[in-house]
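Whole structure, please, built from the sequences with the hints as guidance.
Residue numbers (UniProt numbering): 1 to 162.
Just so you know, the hints here were simulated from the structure itself, not pulled from any lab data.
Just so it is clear, the structure is predicted and the values come from calculations on it, not from any experiment.
Don't take every hint at face value.
DMTMM-like cross-link-like pairs, simulated, lysine to aspartate or glutamate; straight-line CA separation at most 25 Å [stated by the list, open to error]:
id	residue 1	residue 2
1	LYS139	GLU108
2	LYS92	GLU55
3	LYS83	GLU138
4	LYS119	GLU100
5	LYS119	GLU57
6	LYS136	GLU148
7	LYS83	GLU128
8	LYS150	GLU162
9	LYS92	GLU60
10	LYS151	GLU162
11	LYS129	GLU148
12	LYS129	GLU108
13	LYS101	ASP66
14	LYS130	GLU52
15	LYS130	GLU145
16	LYS92	GLU52
17	LYS134	GLU121
18	LYS83	ASP66
19	LYS136	GLU162
20	LYS75	GLU57
Label-pair distances were calculated between CB atoms; the ranges are [said to hold, decoys possible]:
id	residue 1	residue 2	range
21	ASP122	SER98	31 to 41 Å
22	TYR118	MET156	55 to 65 Å
23	PHE153	LEU53	49 to 59 Å
24	ASN77	ASN49	52 to 62 Å
25	ALA72	ARG103	29 to 39 Å
26	GLN135	GLU57	26 to 36 Å
Just so you know, even glycine gets a beta-carbon here, dropped at the ideal spot from N, CA and C.
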Amino acid sequence: MNVPGLFHFAFSLRAVQAPPWAGWVLRKQQLSLPSLPLLQAARKRNSLNLLELSEAELEEQFVRGDGPGGQATNKTNNCVVLKHIPSGIVVKCHQTRSVEKNRKIAREILQEKVDLFYKGEDSDVFKEKKTSEKQKQEKKRRAKENLERKKLFKEMQQLDKE
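In structure tokens form, the structure reads like this:
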């Protein structure tokens, strides 16, 4: 059994109790910048300890993009489909008109996904995602508390007026 088959087999064994990052890694669809808050972490590349990708492990294709853009989208092959052969992870990127920018963005996304695939919960990408989720939950909690305080304050003002 080859290495990619072994990883696929190992993940299929854990399908019953899949870790929270498994679905995110194995999803093979187009990713956009707004749906991935982790790309902010990729901008701080110095702080993350990601696995390096070699060009020999990558398979790259240029296809026609989809979505809004009309004729410019329909006639140009500037959508990049990048596949990491050992892990089988596929990334499709069509965020800009420029092929070079799409290639760069696709490599950054793929590098994060491959790092998450091999390291799992020890990955810096996973830790960054968890901390951002915690910050978001804390912000929601504070907003809810403030709303409750305002309601209580208004109730007390109405009681004072009566």
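Verification of the hints:
Restraint check: the Cα-Cα separation between LYS139 and GLU108 comes to about 28 Å, which exceeds 25 Å; the hinted pair is violated. Restraint check for LYS92 and GLU55: the C-alpha separation of about 17 Å stays at or below 25 Å, so the hint holds. Between the alpha carbons of LYS83 and GLU138 the distance comes to roughly 37 Å, so the proposed pair goes past 25 Å and is violated. Under the criterion of a C-alpha separation no larger than 25 Å, the hint pairing LYS119 with GLU100 is inconsistent with the structure, at around 28 Å.
Annotation: proposed proximity of LYS119 to GLU57 holds, straight-line Cα distance about 18 Å (limit 25 Å). In summary, the hint linking LYS136 to GLU148 is supported, as the alpha carbons are separated by about 19 Å, within the 25 Å threshold. Taking the CA atoms of LYS83 and GLU128, the gap is near 24 Å; set against the 25 Å cutoff, the hint holds. Of the pairs offered as hints, the one joining LYS150 and GLU162 holds, with about 19 Å between alpha carbons and a cut-off of 25 Å not exceeded.
Distance check on the hinted pair: LYS92 and GLU60 sit about 10 Å apart at the alpha-carbon level, within 25 Å; holds. The hinted pair formed by LYS151 and GLU162 meets the criterion: a straight-line CA distance of about 17 Å does not exceed 25 Å. With a C-alpha separation of about 29 Å, the suggested pair LYS129 and GLU148 falls outside the 25 Å cut-off, and the hint is violated. For a cut-off of 25 Å, the pair hint linking LYS129 to GLU108 stands: about 16 Å separates their Cα positions.
Between LYS101 and ASP66, the direct Cα distance comes to roughly 17 Å. Compliance with the 25 Å bound is thereby established for this hinted pair. This hinted pair checks out: LYS130 and GLU52 have alpha carbons roughly 22 Å apart, not beyond 25 Å. About 23 Å separates the Cα atoms of LYS130 and GLU145, which keeps this hinted pair within 25 Å; it holds. With a C-alpha separation of about 19 Å, the suggested pairing of LYS92 with GLU52 holds against the 25 Å cut-off.
Note on LYS134 and GLU121: the hinted pairing holds, with a Cα-Cα distance of about 16 Å set against a maximum of 25 Å. A threshold of 25 Å between alpha carbons decides the hint, and for LYS83 with ASP66 the separation of about 19 Å falls inside it, so the pair holds. Restraint check for LYS136 and GLU162: not satisfied, since their Cα atoms lie roughly 40 Å apart, outside the 25 Å limit. Between LYS75 and GLU57, the direct Cα distance comes to roughly 29 Å. Violation of the 25 Å bound is thereby established for this hinted pair.
The hinted window of 31 to 41 Å between ASP122 and SER98 holds, with their beta carbons roughly 34 Å apart. Separated by about 57 Å at the C-beta atoms, TYR118 and MET156 satisfy the suggested range of 55 to 65 Å. The hint said 49 to 59 Å for the Cβ distance between PHE153 and LEU53, and at roughly 55 Å that hint holds. Range check, ASN77 to ASN49: about 34 Å between beta-carbon atoms, so the 52 to 62 Å window is missed.
Range check, ALA72 to ARG103: about 18 Å between beta-carbon atoms, so the 29 to 39 Å window is missed. GLN135 and GLU57 have their C-beta atoms about 34 Å apart, which keeps the hinted 26 to 36 Å range intact.
When the structure is compared with the earlier hints, violations turn up for hints 1, 3, 4, 11, 19, 20, 24, 25 and for no others.
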